[in-house]
Amino acid sequence: RQAEFDERGPIAVQALIGRLDELVEEVEALLGQLRPEDLLAEHPVQTFRENGVSILVHVVEHFSYHTGQVSYIVKAWKDLDLGYYRGIELE
Numbered sequence: 002r003q004a005e006f007d008e009r010g011p012i013a014v015q016a017l018i019g020r021l022d023e024l025v026e027e028v029e030a031l032l033g034q035l036r037p038e039d040l041l042a043e044h045p046v047q048t049f050r051e052n053g054v055s056i057l058v059h060v061v062e063h064f065s066y067h068t069g070q071v072s073y074i075v076k077a078w079k080d081l082d083l084g085y086y087r088g089i090e091l092e
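The sequence shown begins at 2 in the numbering used here and counts up one residue at a time.
Please keep in mind that the hints were generated in silico from the structure rather than gathered at the bench. Even for Gly, the Cβ is constructed at its ideal location relative to N, Cα and C. Mixed in with the good hints, there may be bad ones.
As the list claims (entries may be wrong) - Estimated spans, in silico, between C-beta atoms of each pair:
(1) Val-54 to Ala-13: 35 to 41 Å
(2) Asn-52 to Pro-11: 17 to 23 Å
(3) Arg-50 to Gln-15: 35 to 41 Å
(4) Val-46 to Leu-24: 28 to 34 Å
(5) Ala-42 to Tyr-73: 35 to 41 Å
Produce the complete structure using the sequences and hints provided.
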């Protein structure tokens with residue numbers, strides 16, 4: 002876990018996209034292996050014990066939080082519409 006915080010310096014956009022693509026592949030593989038009993042069982046997480054559903058919800062919330070941070074910074078620095086809903090009728 003500490004390695005996540007040890008990263009220093011700018012990382013090229015394509016390198017970040019590559020890491021994200023790798024993460025998506027890993028997550029898809031892991032989710033494909035989950036069984037209902039894995040979601041109901043308790044698992045150790047740092048100093049806690051949580052069931053699989055709780056862990057998945059936490060991970061999604063955490064990733065969404067950081068996605069929002071990145072989106073906010075990019076929009077502020079670049080004055081961009083990130084187009085998350087481009088082409089989708091919202092009304």
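Against the structure, the hints:
Between Val-54 and Ala-13 the CB atoms are about 36 Å apart, so this pair conforms to the stated range of 35 to 41 Å. In this structure, Asn-52 and Pro-11 break the distance hint of 17 to 23 Å, their C-beta atoms being roughly 39 Å apart. About 39 Å separates the C-beta atoms of Arg-50 and Gln-15, a value consistent with the hinted range of 35 to 41 Å. Between Val-46 and Leu-24 the Cβ separation comes to about 18 Å, which falls outside the hinted range of 28 to 34 Å.
Our hint of 35 to 41 Å for Ala-42 and Tyr-73 holds, since their Cβ atoms are close to 36 Å apart.
Of the numbered hints given earlier, the model fails hints 2, 4; all others are met.
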